[in-house]
Structures are given as C-alpha cells and as structure tokens.
Amino acid sequence: MQSIDLRGVTCPTNFVMAKLELEDIEAGTTVEFLLDDGEPVKNVPRSLKDEGHKLLGLQEKDGYYVLTLEKGAE
Amino acid sequence: MAEPKIDLKNLKAGGFIKERGKDLFTVRLRVPGGRMSVDRLSKIAAVAQKYGKGYVHLSVRQSIELININFSDFDAVVAELGEEQQKVASCGARVRVPTACGGCEYNPNGLVDTQKSALEVDQKLFGTATGHHKFKVCFAGCPFDCPKSAINDVGFQGAVWPKLDADGCISCGLCAKSCTEGALSMGTDNKPVFDAAKCIYCGDCIKVCPTGAWSAEKKGYTVRIGGKWGRQPLVGTLYATFVPEERVVDFIAVVLAWYQEKAEGAGRVRLGDIIIREGWQSLLERLRADFPEYVVQETIAPQIIQTQLPLPGQQA
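Same order as they appear, the protein sequences are chains P and Z. Residue numbers for the first sequence follow the working numbering, beginning at 604 and rising by one. Residue numbers for the second sequence follow the working numbering, beginning at 29 and rising by one.
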C-alpha cells in the first residue's frame, strides 16, 4: 500500500499535498497517510471525506496517526 | 422653525453619528450578518468616493461606515445608496443590526444557517426602540462561536445533538479522535461510547464519520442572554438549547418584552444588569412559558468581568 508521509506539514498544506498525491492514484485504490496529532489528525480526514474519498480507519502509532482511505471516484 | 434642509425621516432609526468638526457625520450602513453583494459594495464605494473622505471604516459589528459625510448631503446619500437597496443602520436605544458568521452554506464548521437567521431578525426586529439601551443580537454557526454569543444581549450559537447507528459503525475510531471535548471514546466492543455530559454539540463526530453512522438527532441554537462588553463587561449565560431556527424571532421578542417591562424607569441600563437586578429566574420562567421544551432547568446570573481598576481587593 502506498504510504504518504504528511508529518511535520501544517494545515492546510498537508491537506493540499494529500489532494495532489491522490490526483495520481486510481479510484478504488487504498492508501495511507501519516499525520501528526492535533490539528492535522482532526482536520485532514474530515476534509478528505468532503472531497469524496472513503475513510477506512485511523490507527495510533508512535506519536503519530495512520489514516487509511480508499480514493473516491471523480 | 425654519424649513429643514434635509428629510428628518431619514434620521429616525439613527445611524447618522456626529463626528468631530462642524457639519460632519459618520453614516453607518445596515449590513446584517456582514454579507454584502458585490454590486452593493460597488455602489457604496461610489457614494463614499463622491461624498466622503476617501476611505470607509469597517465597524466591529460588520457594518461599513461612511466617514466625513456633510449633513446637507444626507438625502442624496440615502437616495443613491437606495439605488442598490442599501439602507442606513441604527444607533441608540434600539435593536441593532444582527451580526453573524458565514453560516453553513460554504463554511464546513457551520451547523445552522446563521445568515438566514440574521436577515430574518433584521427584517422583523431592526430598529425596535427598547426604551432603555441598545440591544445586540448575534448568530454563530458552531461552538467556535466567532461572533461571541456570550457578549451580546441575546447570542445564538448553532448546535447539533449526535446519534449513533451502531450497525453502520465500522469501528474506525475517527470520531473518538475528532472529539476534542472527550465526550467520545472507543469501548471494549470497539464501538464509540458517548458521554453526553461532556458534549458541546459541535458535530465533529458527524462530520468525520465515514459511513454516516453518526447523524443529527436534533439541531438548533444554544442561546446565551445578558452579555455586553464596554466599560463594565458582563458575560451572558445559558438559557436554552436546540431552539429551532424558525423560532428565533419569537424567542428574541419574548426577551425584548421582558426587558422593556422590567427596565421601566431604570434609565439607560442594559439587559444583563436588569437580569442581575430582577434575578435570572424571572426571565427564565417567562421564556419557559413559550419555549418549555428548549429552556434549561436553571441558569446563573450574567457574570461580571472586572476589567477596570481598582481590581477587587485592591485600593483605588
């Protein structure tokens, strides 16, 4: 699974980067994003849901979070 | 008396405010909720250019104020603004133009249509004379409360009560992580556990839920009453929750009637000080008669915030 590391990137740059990465990925593909705690883990999943992607899960790792999602159709 | 040079009817609701210097006034424009069409903005710019100082002032209550307007130009200013249906606001002891955040049409945090509420209140209550002092109303779309509901005479703040469909839940954990109030945690069965006492009705769980397992059970306004800022600030307190958007005007009308009655003879005194004098029970029971399903069991008096010297315990 493709993993996109957005740690150390603040809002809204992290969301825009996620959006750009998703442009090159086929609909239906599952990817994961690494997100910092705080604002990023609160804002980025919600914004990606708004863009039409399917959120699958969130897991806490060592001081950060892994968001899994399936890219939505255009 | 000599024939007046200007139409005095234009001055009835106020909105023309004396400036320093002879003959000059600020003209405060009526901009409910701070939303302004670009056409109207262009007209205001043209009027300001023609009659004003070359700049306008954006007031802290979302108005545009024309600066340095000569009083002999009032009629022309009113007429030209009227070409784009722009009206003049109020000042003095009246219901002021309501303020509001952007609302829910484009702002992802917004839970209710604050713009619609602000427009409705403006249409139905703007300029109503209180007989005592100014009366400010605001509408916030969510618990971030950017318009600061607790420092208005009556402040409304959008809220949503969440409901879980456990069968639709995929145990992703996003809601528990999104809940900054600690009202949600993941239980031993890997489903969210809701602690209603900690919920502030922000709806973040609903917004992030990937499957729609969280949805809105009910939606409306949290209402705070008795706040003001200025020389002697008061923080307004909670009187009602989940007041439906369509009952907002009626709700304000009841508060206004209570204020008009209880402040009789008190002079220039704001609602919050009257509540302190009369007791919050009086206003709460008046509201309970018309809004039994929304008012809270009990509240507290508006809270005094000491901002002036001497602070309590200090000598002058």
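Just so you know, the hints here were simulated from the structure itself, not pulled from any lab data. Just so you know, even glycine gets a beta-carbon here, dropped at the ideal spot from N, CA and C. Treat the hints with care, as some may be off.
Stated by the list, open to error - One-sided and incomplete, this derived list gives chain P residues near chain Z with beta-carbon spacing under 10 angstroms:
no., residue
1, Gln605
2, Ser606
3, Cys614
4, Leu623
5, Leu625
6, Lys652
7, Asp653
8, Leu658
9, Lys664
10, Gly666
11, Leu670
12, Ala676
Hint-by-hint comparison with the structure:
1. Below 10 angstroms, beta-carbon pairs count as interface contacts, and Gln605 (chain P) has none with chain Z, the closest being about 19 angstroms; its hint is therefore violated.
2. Proximity of Ser606 (chain P) to chain Z is violated relative to the hint, the smallest CB-CB distance being about 18 angstroms (cut-off 10 angstroms).
3. Evaluation of the Cys614 (chain P) hint against chain Z yields a violated restraint, the C-beta minimum of about 13 angstroms exceeding 10 angstroms.
4. Interface hint status for Leu623 (chain P): violated, as the beta-carbon distance to the closest one in chain Z is roughly 20 angstroms, over 10 angstroms.
5. Here the hint on Leu625 (chain P) is broken, as its CB sits about 16 angstroms from the closest CB of chain Z, past 10 angstroms.
6. About 6 angstroms separates the beta-carbon of Lys652 (chain P) from the nearest beta-carbon of chain Z, less than 10 angstroms, and the hint is met.
7. Interface restraint check: Asp653 (chain P) against chain Z, minimum CB-CB distance 6 angstroms, threshold 10 angstroms, status holds.
8. Residue-level restraint check for Leu658 (chain P) holds (minimum Cβ-Cβ distance to chain Z is 4 angstroms; threshold 10 angstroms).
9. A distance limit of 10 angstroms between C-beta atoms decides the matter here; for Lys664 (chain P) the minimum to chain Z is near 13 angstroms, and the interface restraint is violated.
10. Using the Cβ-Cβ criterion of 10 angstroms, the hint placing Gly666 (chain P) at the interface with chain Z is not satisfied: the shortest such distance is roughly 14 angstroms.
11. Satisfaction of the interface hint for Leu670 (chain P) is found here, the shortest Cβ-Cβ separation to chain Z being roughly 8 angstroms, below the 10 angstroms cut-off.
12. Checking Ala676 (chain P) against chain Z by beta carbon gives a least distance of about 15 angstroms; that is not within 10 angstroms, so the hint is violated.
In summary, the numbered hints that this structure violates are 1, 2, 3, 4, 5, 9, 10, 12.
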